[in-house]
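So the chains spell out like this:
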Amino acid sequence: MKTMKTMKRTILSVSVIFLALGLSAQNTADRIIANNKGLHIGGYGQIDMNLPLSDENVHYNGKLDVHRLVTFLGYNFNEKVSFVSEIEYEHVVEVYVEQAFLSYRLKDNMSVQAGLMLIPMGIQNLYHEPPTFNGVERTNVDKYIVPTTWREMGLGVSGNAEGYSLNYQIMLVNGFNGYDTDGGVFSGKKGLRSGRQKGAESYMTKPDLAARVSYYGMPGWNLGASLYKGESETLLYNELNLDDEAAVTTADSSKIDIQMIGLDARYADGPIQARAQYIVANLENTTAYNNFTGSDLGSVMTGYYLEGGYNLLNNKDTDNELIVFARHENYNTHDEVEEGIDANLAYNRTENTIGLTYKIASGAAFKADYQFLSNEATDEEKKQFNLGVAVWF
Amino acid sequence: MLKFFFKTIAPLKKMSAMVFCFFISLIVSAQFIPSNRSIEKTNTLINQLYGDDVELASLQINSNYQSIKRNGEILGYSCIEEAPSKHDKFEFVILYDKSLNIIQVKVLIYREDYGFEIKSKRWLKQFTSRKISKVQAISGATISVNSLKYAVDRLNKKMRDNILK
Numbered sequence: 001m002k003t004m005k006t007m008k009r010t011i012l013s014v015s016v017i018f019l020a021l022g023l024s025a026q027n028t029a030d031r032i033i034a035n036n037k038g039l040h041i042g043g044y045g046q047i048d049m050n051l052p053l054s055d056e057n058v059h060y061n062g063k064l065d066v067h068r069l070v071t072f073l074g075y076n077f078n079e080k081v082s083f084v085s086e087i088e089y090e091h092v093v094e095v096y097v098e099q100a101f102l103s104y105r106l107k108d109n110m111s112v113q114a115g116l117m118l119i120p121m122g123i124q125n126l127y128h129e130p131p132t133f134n135g136v137e138r139t140n141v142d143k144y145i146v147p148t149t150w151r152e153m154g155l156g157v158s159g160n161a162e163g164y165s166l167n168y169q170i171m172l173v174n175g176f177n178g179y180d181t182d183g184g185v186f187s188g189k190k191g192l193r194s195g196r197q198k199g200a201e202s203y204m205t206k207p208d209l210a211a212r213v214s215y216y217g218m219p220g221w222n223l224g225a226s227l228y229k230g231e232s233e234t235l236l237y238n239e240l241n242l243d244d245e246a247a248v249t250t251a252d253s254s255k256i257d258i259q260m261i262g263l264d265a266r267y268a269d270g271p272i273q274a275r276a277q278y279i280v281a282n283l284e285n286t287t288a289y290n291n292f293t294g295s296d297l298g299s300v301m302t303g304y305y306l307e308g309g310y311n312l313l314n315n316k317d318t319d320n321e322l323i324v325f326a327r328h329e330n331y332n333t334h335d336e337v338e339e340g341i342d343a344n345l346a347y348n349r350t351e352n353t354i355g356l357t358y359k360i361a362s363g364a365a366f367k368a369d370y371q372f373l374s375n376e377a378t379d380e381e382k383k384q385f386n387l388g389v390a391v392w393f
Numbered sequence: 001m002l003k004f005f006f007k008t009i010a011p012l013k014k015m016s017a018m019v020f021c022f023f024i025s026l027i028v029s030a031q032f033i034p035s036n037r038s039i040e041k042t043n044t045l046i047n048q049l050y051g052d053d054v055e056l057a058s059l060q061i062n063s064n065y066q067s068i069k070r071n072g073e074i075l076g077y078s079c080i081e082e083a084p085s086k087h088d089k090f091e092f093v094i095l096y097d098k099s100l101n102i103i104q105v106k107v108l109i110y111r112e113d114y115g116f117e118i119k120s121k122r123w124l125k126q127f128t129s130r131k132i133s134k135v136q137a138i139s140g141a142t143i144s145v146n147s148l149k150y151a152v153d154r155l156n157k158k159m160r161d162n163i164l165k
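These protein sequence lines map, in sequence, to chains F and E. By my numbering, the letter at position 287 of the first sequence is numbered 287, and the numbering carries on one by one without gaps. By my numbering, the letter at position 127 of the second sequence is numbered 127, and the numbering carries on one by one without gaps.
In case anyone wonders, no lab produced these hints; they're calculated from the structure. Glycine included, C-beta positions come from ideal geometry on N, C-alpha and C. One thing to keep in mind: the hints can contain errors.
Claimed, not checked - Once the Cα atoms are required to be at most 30 Å apart in a straight line, the calculated DSS-like pairs of lysine-lysine come out as:
no., chain 1, residue 1, chain 2, residue 2
1, E, Lys-98, E, Lys-134
2, E, Lys-41, E, Lys-134
3, E, Lys-98, F, Lys-80
4, E, Lys-165, E, Lys-134
5, F, Lys-80, E, Lys-165
6, E, Lys-131, F, Lys-316
7, F, Lys-80, E, Lys-106
8, E, Lys-41, F, Lys-359
9, F, Lys-143, F, Lys-189
10, F, Lys-359, E, Lys-98
11, E, Lys-86, F, Lys-359
12, F, Lys-359, E, Lys-157
13, E, Lys-86, F, Lys-107
14, F, Lys-316, E, Lys-158
15, E, Lys-89, F, Lys-359
16, E, Lys-165, E, Lys-86
17, E, Lys-125, F, Lys-80
18, F, Lys-107, E, Lys-89
19, E, Lys-89, E, Lys-131
20, F, Lys-107, E, Lys-106
21, E, Lys-149, E, Lys-134
22, F, Lys-359, E, Lys-149
To be verified - A partial selection of chain E residues facing chain F, derived with a Cβ cut-off under 10 Å:
no., residue
23, Ser-35
24, Lys-41
25, Thr-44
26, Asn-47
27, Ala-83
28, Ile-118
29, Lys-121
30, Lys-125
31, Ile-143
32, Ala-151
33, Arg-154
34, Lys-158
As the list claims (entries may be wrong) - In silico negatives: residues of chain F with every beta carbon more than 10 Å from chain E:
no., residue
35, Ile-123
36, Ser-158
37, Leu-172
38, Ser-187
39, Tyr-203
40, Ala-211
I would like the entire structure built from these sequences, with the hints used as guidance.
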């Protein structure tokens with residue numbers, strides 16, 4: 001008697017399990033039938049430890065940080081309309097929206113977007129998910145020259161010219177905030193970085209232009225060229241009386257003209273991978289800006305890096321990758337300065353990095369690297385050891 | 001007590017089994033439905049390769065796979081399939097000759113900003129001349145590259161098992 005009872009219970013629970021399985025499978029099937037309609041969830045994270053090596057007489061503490069944790073939420077309303085959003089926690093306590101835009105596919109190879117979008121400049125501002133690059137930290141060219149993650153509000157068109165293996169992006173966005181209630185925002189050390197408006201009650205006078213083309217027609221190669229052109233924004237243009245010449249002159253000296261050009265190349269073949277990037281930013285009106293704000297902004301900022309890597313597990317029977325890499329990087333926010341200030345040699349910074357990326361799944365990696373950090377103002381070289389966890393799903 | 005269980009559970013059990021079978025059949029039969037654009041592009045491709053006097057007939061294993069015939073003689077096969085990219089799915093077609101050698105792989109619809117590089121014709125040509133494992137990586141498109149390689153491999157095996165045996 002007792003056994004029969006147990007048997008029935010088992011049968012019942014098994015049926016319930018199968019039923020549940022069937023139900024969840026129905027959802028999958030439904031999704032397939034509805035042709036990709038629905039929610040997409042993902043995210044990425046970078047968790048790291050920076051350990052500056054102590055000098056003979058100075059000690060430095062190490063830093064351990066959940067540097068960034070980003071959740072991706074996307075929704076396909078139908079074949080043509082989709083919404084993309086990324087919400088970021090930086091250093092655990094700061095919350096940002098990294099992307100939030102609606103995309104409408106006009107035709108097969110072309111769509112328009114509106115909202116908060118990534119500025120297409122260089123490699124890492126677009127591809128900033130940690131497992132996609134070597135090194136625990138992002139390259140500093142992509143921090144001080146290209147202020148990654150650089151995102152602003154605007155309208156864009158993107159697409160593919162398939163016959164030519166070209167991908168393009170063109171957008172009109174609000175410019176950097178260069179002058180607000182706290183005075184001048186740009187600086188010689190950090191360049192334009194502090195001026196990012198990030199979609200948080202952004203303001204503008206007229207839109208700036210950002211564009212990028214990339215060519216992927218040669219197997220193994222991915223070549224890109226990016227352009228950004230426009231003016232920074234200033235609060236002094238708000239409620240400006242255009243008949244008041246003195247006020248107009250003052251307001252004009254609180255903004256700068258920006259032209260940034262980027263060239264980049266990525267290469268992969270078998271175990272070998274390499275990438276290189278060059279960025280130059282030409283800034284105009286910096287004399288007036290510096291005189292007015294007391295800042296020390298340079299008129300030309302440049303940066304580049306060259307990186308080579310080799311996957312030691314290439315011919316082994318595994319999908320994992322153990323990449324040993326070396327990178328040489330230089331960035332200078334005072335490459336040229338206009339009258340009134342002297343070039344600060346400490347802003348001409350060089351970083352050499354060697355390290356390992358151990359990809360234990362296509363979207364997960366352990367990273368370790370060792371950096372030699374120097375600048376032109378001193379012969380001293382600082383060394384730093386970094387360890388990191390990188391995920392993307 | 002036992003009687004009660006028996007009475008209530010027995011029909012329930014049958015019902016769950018039926019529901020279960022229904023769902024299973026749903027999954028098994030749920031091959032994906034290619035978008036119209038994919039079908040149009042595939043037909044254009046077939047016409048470019050063989051002219052427009054060929055007869056197309058769906059294969060039994062999958063109605064997205066079809067044989068290409070002229071006067072009853074098989075010239076080749078075309079198979080539309082889908083594979084995942086990072087957060088979405090893309091559609092592609094493989095054209096085979098009658099001995100199941102790949103003549104062409106084409107990405108018909110790609111929906112994401114990541115990994116679009118796999119649409120490159122020169123890159124896709126490798127599937128006609130190299131072993132799948134030797135197909136080169138693309139910087140910035142690793143996920144879609146691996147996904148397509150896996151899908152082509154699976155489709156090759158499926159076709160071989162069903163056509164050549």
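So, going through the hints one by one against the coordinates:
1. E:Lys-98 to E:Lys-134: With Cα atoms ~24 Å apart, E:Lys-98 and E:Lys-134 stay inside 30 Å; holds.
2. E:Lys-41 to E:Lys-134: 28 Å, holds
3. E:Lys-98 to F:Lys-80: Outside the cut-off at roughly 36 Å; violated.
4. E:Lys-165 to E:Lys-134: 26 Å, holds
5. F:Lys-80 to E:Lys-165: Violated - the C-alpha atoms of E:Lys-165 and F:Lys-80 are around 42 Å apart, more than 30 Å.
6. E:Lys-131 to F:Lys-316: 17 Å, holds
7. F:Lys-80 to E:Lys-106: 21 Å, holds
8. E:Lys-41 to F:Lys-359: Not OK: E:Lys-41 and F:Lys-359 at ~37 Å, beyond 30 Å, violated.
9. F:Lys-143 to F:Lys-189: Distance ~11 Å between F:Lys-143 and F:Lys-189 Cα, so the pair holds.
10. F:Lys-359 to E:Lys-98: 40 Å, violated
11. E:Lys-86 to F:Lys-359: Holds. E:Lys-86 to F:Lys-359 sits at ~17 Å (cutoff 30 Å).
12. F:Lys-359 to E:Lys-157: Status holds; Cα separation ~29 Å.
13. E:Lys-86 to F:Lys-107: Judged against 30 Å, a Cα distance of about 21 Å means the pair holds.
14. F:Lys-316 to E:Lys-158: At roughly 27 Å apart (the allowed maximum being 30 Å), E:Lys-158 and F:Lys-316 satisfy the hint.
15. E:Lys-89 to F:Lys-359: It holds: about 24 Å lies between the C-alpha atoms, which stays within 30 Å.
16. E:Lys-165 to E:Lys-86: Outside the cut-off at roughly 35 Å; violated.
17. E:Lys-125 to F:Lys-80: Given that 30 Å is the threshold and the Cα spacing comes to 29 Å, the pair holds.
18. F:Lys-107 to E:Lys-89: 17 Å, holds
19. E:Lys-89 to E:Lys-131: This hinted pair holds, its Cα atoms lying about 24 Å apart.
20. F:Lys-107 to E:Lys-106: Given that 30 Å is the threshold and the Cα spacing comes to 18 Å, the pair holds.
21. E:Lys-149 to E:Lys-134: 10 Å, holds
22. F:Lys-359 to E:Lys-149: Holds, because 19 Å separates the two Cα atoms, which is no more than 30 Å.
23. Ser-35: Where the cut-off is 10 Å and the nearest Cβ of chain F is about 7 Å from E:Ser-35, the hint holds.
24. Lys-41: 9 Å, holds
25. Thr-44: E:Thr-44 check fails; min Cβ-Cβ to chain F is 13 Å, beyond 10 Å.
26. Asn-47: 18 Å, violated
27. Ala-83: 12 Å, violated
28. Ile-118: 9 Å, holds
29. Lys-121: It holds, given that the least Cβ distance between E:Lys-121 and chain F is near 7 Å, below 10 Å.
30. Lys-125: Since chain F brings a Cβ to about 8 Å from E:Lys-125, closer than 10 Å, the hint holds.
31. Ile-143: 6 Å, holds
32. Ala-151: Status violated, d = 15 Å.
33. Arg-154: At 16 Å from the nearest chain F Cβ, E:Arg-154 fails the 10 Å test, so the hint is violated.
34. Lys-158: Interface hint status for E:Lys-158: violated (17 Å vs cutoff 10 Å).
35. Ile-123: 8 Å, violated
36. Ser-158: 7 Å, violated
37. Leu-172: 18 Å, holds
38. Ser-187: 32 Å, holds
39. Tyr-203: 28 Å, holds
40. Ala-211: Consistent with the label, F:Ala-211 stays out of reach of chain E, its closest Cβ about 15 Å off (over 10 Å).
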